[in-house]
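Asks: Protein chains in written order, with the working numbering: chain A, 1 to 235; chain B, 236 to 528.
A few of these clues could be false.
To be verified - Derived pair list, reagent style DSS-like, types lysine-lysine, alpha-carbon separation capped at 25 Å:
1. B:Lys-403 - A:Lys-109
2. A:Lys-220 - A:Lys-78
3. A:Lys-70 - A:Lys-29
4. A:Lys-29 - A:Lys-78
5. B:Lys-381 - A:Lys-78
6. A:Lys-78 - A:Lys-109
None of these hints come from the bench; they were simulated from the model.
Since this is a predicted model, take the numbers as computed values, not measurements.
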Amino acid sequence: MADVLTLSAVDAYYGEVQVLRGFDLSLAKGEVLCLLGRNGAGKTTALKAIMGLVAVRGGTIMKDGTDLSKLAPHEVPKAGVAYVPQGRRLFSELTVAENLEIGLMARGKGRVTREAVLDLFPVLRERLSQRSGTLSGGEQQMLAMARALCIEPDVLLLDEPTEGLMPSMIARIRETVAGLRERGVSTILVEQRVDAVLSLADRVAFIENGQNRETVDVEKVRADPAYVHRYVGVG
Amino acid sequence: MAFGPYFLLASLEGLVTAAVLALTALGLSLVFGVMRVVNVAHGEFFMLGAVLAWAVSTAFAGHPSVGFVAALFVAPLVVGGAALLSERLVLRRLGYDPEATIVATIGMLYIIQQLALTFYGADARPVQAPFNVRIQLPWFGYSGYKLFVIVAAIVLILAAWFVLTRTKIGLVMRATQYDRETAQAFGIPVDRVYAGVFALGAMLAAVAAVLIVPIQQAHYLMGRDPLLLSFIVVIIGGLGSLRGTVIAALLIGLSDGIISVFFSPTLAKMLATGLVAMVLVFRPQGLFGVPAR
Ligand SMILES: Nc1ncnc2c1ncn2[C@@H]1O[C@H](COP(=O)(O)OP(=O)(O)OP(=O)(O)O)[C@@H](O)[C@H]1O
Ligand SMILES: [Mg+2]
């Protein structure tokens, strides 16, 4: 399968502190790739590196022949990459509609996109003029997803989207990701919950100490719990 | 002493102060709120606006209103250009670091002041009001121009409110203010927003200065009081809160007018300072501010 996004030997820094060291990762078209690793392994940093939100001083991040690491951060979403940050990071003072509007503006999408996104998350339609900070945790996560989908991305980066949500909501998020895969969207999913990973992922990348130790098909992980044990320490 | 007429006069004078202060403080508040930059040179943009107003209005021969209207457009544009330049040359290179930019804008303050001294001189110079009408009120006639200043400030503040809350540009500015990193992840060119906000902030100070300069002469040191008062207003009103800025400006302007007339200007300043101290202790985000991320 053709890769839509390829990170090669990426070095990423916070100031002088190096976090990613020669980080490699490739994302195939229409797959869900999970990043697993302990706290502080560098999962969030890997997503931020793709978005241009940390300093990338070595390596390349190729998408459709463009090196994203050479773009200004605000140009990355215009290349079709959407980001759902850890902890959602909604503009909590802004309304639901305004949060969506910001997503739409990123790539000049309009009403059609907005309606399609709202059809995916009908609860948001009833809350358009509500301040997003006053939504429930689950609604906030849906809004964070919706805002990202307003970009009409072909690559979606999800950082712990199920964190702190109740099971029904987790199922909802999972369905959405699976539905997007049907439509050819490629997803990098950072997850702590191994069960969620195993039921959704096509491949799993094990992150340790700012490096991708190995990327394996999910069947292999399912067949051999030692993988999870080794890299995440639970299972 | 008859209370009514004095009270009305004091209130009107207070409103003029409040009007100009609200515009100036709004500029400081925007820059502070969106960019997290404490612009110590803000008062110098105000001064530059006043000095340019003098220069432009004296360049026009005919009726004073012609020169004034020209100044109303030219001065803010030139000041905005100067702000844009200093943003590019200085603030951006410092990465908008909160501490470094304080030092840098202190430097800008002296540079702008000395440039004004060199090219404009140390004299205070008057600008003629665009019109000279007295409006008859119950007890006395009052300057029509001062009333115009109040109305003009209201119109400009409403325009700023409209832009901030009802337009895409305003939405982009607010998103940048609340979460710079996430804004970038959604295609917002944060450095361009910063440049625009810094220019806009300076232009608000400049337009306030053009409005005040027919009442209060242009002088190269005139930027200090507006800077201090703007800080007071921003601290009381809260970071980047337009409503808070306007209310705090009204509070400071009106109390300054009224207390100065009935008691003493010193008491007015003491109360304002006391209020700032109280706000800093009990509500550091300001009366209407939201704690920032
Ligand atoms: N802003 C920052 N400045 C300096 N170091 C940081 C910063 N953010 C993260 N780090 C460091 O980078 C390393 C990787 O952090 P990262 O957030 O990528 O981990 P993670 O794998 O997402 O962890 P978690 O599962 O807890 O979210 C950690 O050691 C962390 O302390
Ligand atoms: Mg993380």
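Asks: Take the hints in turn and mark each one as holding or not.
Replies: We went through each hint and held it up to the structure:
1. B:Lys-403 - A:Lys-109: 14 Å, holds
2. A:Lys-220 - A:Lys-78: 35 Å, violated
3. A:Lys-70 - A:Lys-29: 22 Å, holds
4. A:Lys-29 - A:Lys-78: The given pair, whose Cα atoms are some 18 Å apart, holds under the 25 Å limit.
5. B:Lys-381 - A:Lys-78: 50 Å, violated
6. A:Lys-78 - A:Lys-109: This hinted pair holds, its Cα atoms lying about 11 Å apart.
Hints 2, 5, counting from the list given before, are not met by this structure.
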